[in-house]
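J.: Throw the hints in and build the complete structure from the sequences for me.
So the sequences go chain by chain: A and B.
This note's numbering puts the first residue of the first sequence at 1, with every later residue one more than the last.
This note's numbering puts the first residue of the second sequence at 1001, with every later residue one more than the last.
25 Å max Cα-Cα, derived DSS-like pairs, lysine-lysine:
1) B:K1008 x A:K126
2) B:K1177 x A:K56
3) B:K1223 x B:K1002
4) B:K1008 x A:K129
5) A:K252 x A:K238
6) A:K56 x B:K1175
7) A:K113 x B:K1002
8) B:K1002 x A:K129
9) A:K127 x B:K1008
Hint data in this document are derived by calculation from the structure and do not stem from the laboratory.
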Amino acid sequence: MTDTVLETQGLTKYFGSRMVLDNMTVKIPRGCICGFVGRNGSGKTTAIKLLLGLLKPTAGSSKLLGCDSQQLSPQIRQRVGYVSEGHRLIRWMSIAEIARFQSAFFPGQWDGKFFREMIEYFGLSKKQKIKHLSTGERAQVSLALALAPNPELLVMDDPTLGLDAAIRRQFLEGMIRLIMQQGRTILFSSHILGDVERVADRILVIDKGAIRVDCSLEQFRNAVKKVRFVFSQPPPAKINIEGLLRFKTSEKELELVLVGTGEEKIAEWAKSAGAMDYQPVNMNLEDQFIEYTAPAGQTKLFSWEGI
Amino acid sequence: MKFLALLKKELRECLPWAISAAAFLLIVGNLMLWDMAERNIEYQYRAFERYSDVTYFNLQKYPLGSMGMVLFMTAAGLGLALGVRQFWVADFTGTWGFTLHRSTRRTTILAAKICAGLISFTAAVGLVWCYLFWRLNSSDYFLVSLPRRYLIVGWLIGGTGLLFYIGAGLAGLSKAKWYTTKLMGLAFALWMFVTLIQQWTLWWGFGTLAIAVVVLLYLMWEKFLNREF
Chain A
1 MTDTVLETQG LTKYFGSRMV LDNMTVKIPR GCICGFVGRN GSGKTTAIKL LLGLLKPTAG
61 SSKLLGCDSQ QLSPQIRQRV GYVSEGHRLI RWMSIAEIAR FQSAFFPGQW DGKFFREMIE
121 YFGLSKKQKI KHLSTGERAQ VSLALALAPN PELLVMDDPT LGLDAAIRRQ FLEGMIRLIM
181 QQGRTILFSS HILGDVERVA DRILVIDKGA IRVDCSLEQF RNAVKKVRFV FSQPPPAKIN
241 IEGLLRFKTS EKELELVLVG TGEEKIAEWA KSAGAMDYQP VNMNLEDQFI EYTAPAGQTK
301 LFSWEGI
Chain B
1001 MKFLALLKKE LRECLPWAIS AAAFLLIVGN LMLWDMAERN IEYQYRAFER YSDVTYFNLQ
1061 KYPLGSMGMV LFMTAAGLGL ALGVRQFWVA DFTGTWGFTL HRSTRRTTIL AAKICAGLIS
1121 FTAAVGLVWC YLFWRLNSSD YFLVSLPRRY LIVGWLIGGT GLLFYIGAGL AGLSKAKWYT
1181 TKLMGLAFAL WMFVTLIQQW TLWWGFGTLA IAVVVLLYLM WEKFLNREF
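T.: Have a look at this one:
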C-alpha cells in the first residue's frame, strides 16, 4: 500500500487561452484530512476533476491511490468516494433507488446498514424522491452515498456550499464518523473556513490556479499574523521586515500582515522602528485566508469617495 | 451486475419517450388503418402482390406511403429525443460526475446507454410496426395480405431513426459551439439519411443504414471515451 494517497506533479490546465490551474504539485499522505480552500474561480473544482480523470491536463500528471488519474481502473474508483459540487444526483430516483444503484458498484463493500442509519439520522425517508429534496437534504444523501461503501479516499467538492448552519454541522459530523475510521483520507474543498478549521489537519490554499499554501493547519495558523504597532510619531514610511505581506497605516498606528516571521524578528523590528508598543491581532482562519489571498494593493472593496 | 444497474437506469430514463412514441404510432397507425378501410382501399392492394420493387425511396407511390411517413416521423422524433435525453441532459443537470465516477469502464457506461436506446427504439418503433403490419394483414381490415417486403421496408424506415439518435447523441457530447461543429453529428446523420433514401434496392438501403450506424457509433465511442466532463 502506498503512503501517498494523492499526488500531482506540475498539473496544469488551460481552458482555451485561460489558465485555470498552474503547475500544481502536491502530495497528500494517507490518513490526512485536507481542506482545499480558495476563492471563487481559483481552480478548486478543476483540480478535483483532473484528479478524478474527468478532465485532461494540459501538462503534468496526477495519481490517485498510486494510479494515473487518466487511467483510473474500476478497482481504484471503487476505493474513492466522490461528492460533486452542488450534490448533483439523478433527480428521478428515490433515495432507496439511488442507494440500490450506487450499491451495485460496490459489491461486498456497500454498507446498507450504515446508509440506512445515516438517512435516519438526517431525518429523511427512503421513499423521498431526489427531485423533491432541498439542497441540504441532497447534500446529506450525497454524503451517505459516498460514505456507505467505506471509501479509502473521499473527495468532496465544496460539500457544504449552500447549507445552513445546522445542516452543515450534521454534515461535518457525518464526515467525522468517517475520519474516526483509521487510515481514511479526505480531500474537501470549501469556502467556509470554519468547516476547514473544525475538521482538517492539513490545508491547501489555491489562488488564481496556483497552490500558495500546502502545510498543516497548525503551521498555517502560526505562520500568518497580524501585528499592530503603536508609535509616538507617524509610523515609518519604509517598512523592511521579513515576510511582510501588506500593511496599513493610520495616524500613529501601523498594522502589518506577516507570513512566517518569528517573534524575535518582530521584536527586533519594533525596536529599530521606534514603536512604543505592539500587539498581535487575533485572527481566525478566515481572516488569515483573506489576508493571505487578497490581491496586492486591494484594501477596500468599495470606494465611497467615488459614489 | 454493474452493467445491469446502468442499463436499468438508462431504460428508466428512456421509458417516457419510448412510451410516448409507441402510443403516438399506435394511435395514428390505427386511425390510418381505419381510414383505409373506410375508403375501401383494398382494391389497390390486390395489385400489390405482383409488385416486388417497393423500397424506401419509392414507397410514396404505394397506398402505404402515408403510413411510412408517420413511421419515419415517429422514429426520427424518438431518435432525437433519446439522443438528447441520454447525452445532452446530463450537461444541464450536472450529473456527468455522478454517472462517470463508477467502478466500471467508460465503455460499459456507453454500452449501457446505447443498449437502452436500442431496446427502447426496437420496442417503440420496431414492435409497434410489427403489430400494425399484423393488423393490416388481419381480416379485420382487408381480405388480401400485404407482401412481407412491406414489413421489412417498415423496419428500414424505422431504422433511419437510429441515425438521428446517434447523431443527436454525438451533437450532445460535442463541446463545440452550436454554430461551429456541435451539430456535425446530426448533419452527418442527415446526410446519410438522404443517401439512404436514394437507394434503389432494399438491401442497398439496409447496407447504407448499417454502414452509417457503425460510423456514427464509432465516432460516438471515440468522443465519449476522450471527452472532458
